[in-house]
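A.B. asks: The primary structure of each chain is shown beneath.
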Amino acid sequence: MKKDKKNHLDFIIDKLTNSIENTVSGDSFQTEVSTFTTKDLKQSTKKNGWQFNWKQELINNSREVYKLTIVNNPDIIQGLISFTIKSDHIYMDLIESAPFNLGRNKIYEGVAGNLVAFACKVSFQRGFDGFLSFTAKTKLIEHYEKTLGAYHFGNHLMILETKSSSILVEKYFKNV
Amino acid sequence: MGHIKEPKGVDFIIQSRPLTKAEELAISEHIKNYKLKNNHISNKPKQGVKKRKVQFI
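These protein sequence lines are chains U and H, in that order.
Quick note on numbering: my numbering labels position 22 of the first sequence as 1287, and the sequence is numbered without any gaps.
Quick note on numbering: my numbering labels position 49 of the second sequence as 62, and the sequence is numbered without any gaps.
Any given hint could be a false lead.
Calculated lysine-lysine pairs in the BS3-like style (CA-CA distance at most 30 angstroms, straight line) [stated by the list, open to error]:
1) H/LYS34 with U/LYS1436
2) H/LYS34 with U/LYS1320
3) U/LYS1402 with U/LYS1436
4) U/LYS1411 with H/LYS45
5) U/LYS1351 with U/LYS1371
6) U/LYS1404 with U/LYS1386
7) H/LYS50 with U/LYS1436
8) U/LYS1311 with H/LYS45
9) U/LYS1404 with U/LYS1428
10) U/LYS1371 with U/LYS1436
11) U/LYS1320 with H/LYS45
12) U/LYS1411 with H/LYS34
13) H/LYS45 with U/LYS1351
14) H/LYS48 with U/LYS1371
15) U/LYS1307 with U/LYS1371
16) U/LYS1386 with U/LYS1371
17) H/LYS45 with U/LYS1404
18) H/LYS50 with U/LYS1351
19) H/LYS48 with U/LYS1386
20) H/LYS34 with U/LYS1404
21) U/LYS1304 with H/LYS50
22) U/LYS1386 with H/LYS45
Partial selection, computed: residues in chain U whose CB lies under 7 angstroms from chain H [unchecked claim]:
23) HIS1273
24) ASP1353
25) ASP1358
26) PHE1365
27) PHE1399
28) THR1400
29) THR1403
30) GLU1426
Quick list of simulated restraints, FRET-style, between CB atoms [unchecked claim]:
31) U/ASN1318 with H/LEU49: 38 to 44 angstroms
32) H/PRO31 with U/ASP1340: 29 to 35 angstroms
33) H/LEU49 with U/GLN1308: 41 to 47 angstroms
34) U/LYS1307 with H/LYS34: 21 to 27 angstroms
Derived by calculation from the structure, the hints in this document are not laboratory data.
Using N, Cα and C, we set each Cβ at its ideal position, and we do this for glycine too.
Construct the entire structure; sequences and hints are all you get.
C.D. replies: Shown next, in the form of structure tokens:
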């Protein structure tokens, strides 16, 4: 995998849904987000095609790690997110789709969007009014502006403000 | 639900870099300003809220 000189998130919001969609059949599957535990580590290793060291994220006490799974299929992780709770907002450290949700032959679309919306929801729950930040690669800044309504703060830094954040939460967690 | 096409040749992923102290402060300042600005706007309609009608029994 190519490594950027500076590390920035470059997740692609391929679809905004309250579920994830099978790219072949077009069928939608409801998702749920739950805490990532040591039990899940076996599945999300570099050996299994994952890019990041999720064990390290789990060990890091300043970070919270969550997994996205399909309802009634909790054993298969579709994507992972780790973030840091700052004093007034949430900073997204890592987002990764499962190896089988990458590339042209990906199985499901919508994983990244689900995870970002979840982080927005947490931001509201923590009293941060939905504020969220992360860094993005140059080529994806415009993409995030369009799909997430993110604000480009400069120096690759993106901010999701209350309005955009609430739109995402509304889209994904309307019935929750 | 909007369908957003994935840019060709670009894949999901990666990790963010740690924020510098200056960036953290700048973000906090931005958040403060956003809240001030938006509270100001959202408070405006409240000023025009109609008074309750007095009901005579």
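A.B. asks: Does each hint hold? Answer for all of them.
C.D. replies: Evaluated hints:
Taken as a hint, the H/LYS34 and U/LYS1436 pair is broken in the structure, with Cα atoms around 33 angstroms apart against an allowance of 30 angstroms. Using a Cα cut-off of 30 angstroms, the hinted pair H/LYS34 and U/LYS1320 holds, with the two alpha carbons roughly 26 angstroms apart. Restraint check for U/LYS1402 and U/LYS1436: the C-alpha separation of about 25 angstroms stays at or below 30 angstroms, so the hint holds. Annotation: proposed proximity of U/LYS1411 to H/LYS45 holds, straight-line Cα distance about 24 angstroms (limit 30 angstroms).
Note on U/LYS1351 and U/LYS1371: the hinted pairing is violated, with a Cα-Cα distance of about 33 angstroms set against a maximum of 30 angstroms. For the hint linking U/LYS1404 to U/LYS1386, the alpha-carbon distance of about 26 angstroms falls within 30 angstroms, and the restraint holds. The straight-line distance between the Cα atoms of H/LYS50 and U/LYS1436 is roughly 25 angstroms, inside the 30 angstroms bound, and the hint therefore holds. The suggested pairing of U/LYS1311 with H/LYS45 is violated, with an alpha-carbon distance near 40 angstroms, which exceeds 30 angstroms.
Between the alpha carbons of U/LYS1404 and U/LYS1428 the distance comes to roughly 24 angstroms, so the proposed pair stays at or under 30 angstroms and holds. Between U/LYS1371 and U/LYS1436 the CA atoms are separated by roughly 23 angstroms; this keeps the pair inside 30 angstroms, and the hint holds. Simply put, U/LYS1320 and H/LYS45 have alpha-carbon atoms about 35 angstroms apart, too far for the 30 angstroms limit, and the pair is violated. The hinted pair formed by U/LYS1411 and H/LYS34 meets the criterion: a straight-line CA distance of about 28 angstroms does not exceed 30 angstroms.
Taking the CA atoms of H/LYS45 and U/LYS1351, the gap is about 14 angstroms. The hint holds against a cut of 30 angstroms. For the proposed pair H/LYS48 and U/LYS1371, the alpha carbon gap of about 40 angstroms is over 30 angstroms, so the pair is violated. Between the alpha carbons of U/LYS1307 and U/LYS1371 the distance comes to roughly 21 angstroms, so the proposed pair stays at or under 30 angstroms and holds. Distance check on the hinted pair: U/LYS1386 and U/LYS1371 sit about 26 angstroms apart at the alpha-carbon level, within 30 angstroms; holds.
For the hint linking H/LYS45 to U/LYS1404, the alpha-carbon distance of about 29 angstroms falls within 30 angstroms, and the restraint holds. Proximity of H/LYS50 to U/LYS1351 is assessed by CA-CA distance (about 22 angstroms); at most 30 angstroms being required, the pair is judged to hold. Our distance criterion of 30 angstroms between C-alpha atoms is met by H/LYS48 and U/LYS1386, whose separation comes to about 18 angstroms. A threshold of 30 angstroms between alpha carbons decides the hint, and for H/LYS34 with U/LYS1404 the separation of about 25 angstroms falls inside it, so the pair holds.
At most 30 angstroms may separate the alpha-carbon atoms for a hinted pair to count; U/LYS1304 and H/LYS50 exceed this at roughly 45 angstroms. Simply put, U/LYS1386 and H/LYS45 have alpha-carbon atoms about 20 angstroms apart, close enough for the 30 angstroms limit, and the pair holds. The beta carbon of U/HIS1273 comes within 6 angstroms of a beta carbon in chain H, closer than 7 angstroms, and the hint placing it at the interface holds. Hint status for U/ASP1353: holds, given a least beta-carbon distance of 5 angstroms to chain H, under 7 angstroms.
Hint status for U/ASP1358 relative to chain H: holds, with the closest Cβ pair at about 5 angstroms, below 7 angstroms. Interface restraint check for U/PHE1365: the shortest CB-CB distance to chain H comes to about 11 angstroms, outside 7 angstroms, so the restraint is violated. Checking U/PHE1399 against chain H by beta carbon gives a least distance of about 5 angstroms; that is within 7 angstroms, so the hint holds. The interface hint given for U/THR1400 holds, since its Cβ lies 4 angstroms from the closest Cβ of chain H, which is under the 7 angstroms cut-off.
About 12 angstroms separates the beta-carbon of U/THR1403 from the nearest beta-carbon of chain H, more than 7 angstroms, and the hint is not met. With a least beta-carbon distance of about 6 angstroms to chain H, the hint placing U/GLU1426 at the interface is held under the 7 angstroms criterion. Between U/ASN1318 and H/LEU49, the C-beta spacing of about 40 angstroms keeps the proposed range 38 to 44 angstroms intact. Between H/PRO31 and U/ASP1340 the C-beta distance comes to about 33 angstroms, which sits within the given range of 29 to 35 angstroms.
Separation of H/LEU49 from U/GLN1308 is about 45 angstroms and conforms to the stated range, judged on CB atoms against 41 to 47 angstroms. At roughly 37 angstroms, the beta-carbon separation of U/LYS1307 and H/LYS34 lies outside the given 21 to 27 angstroms, and the hint is violated.
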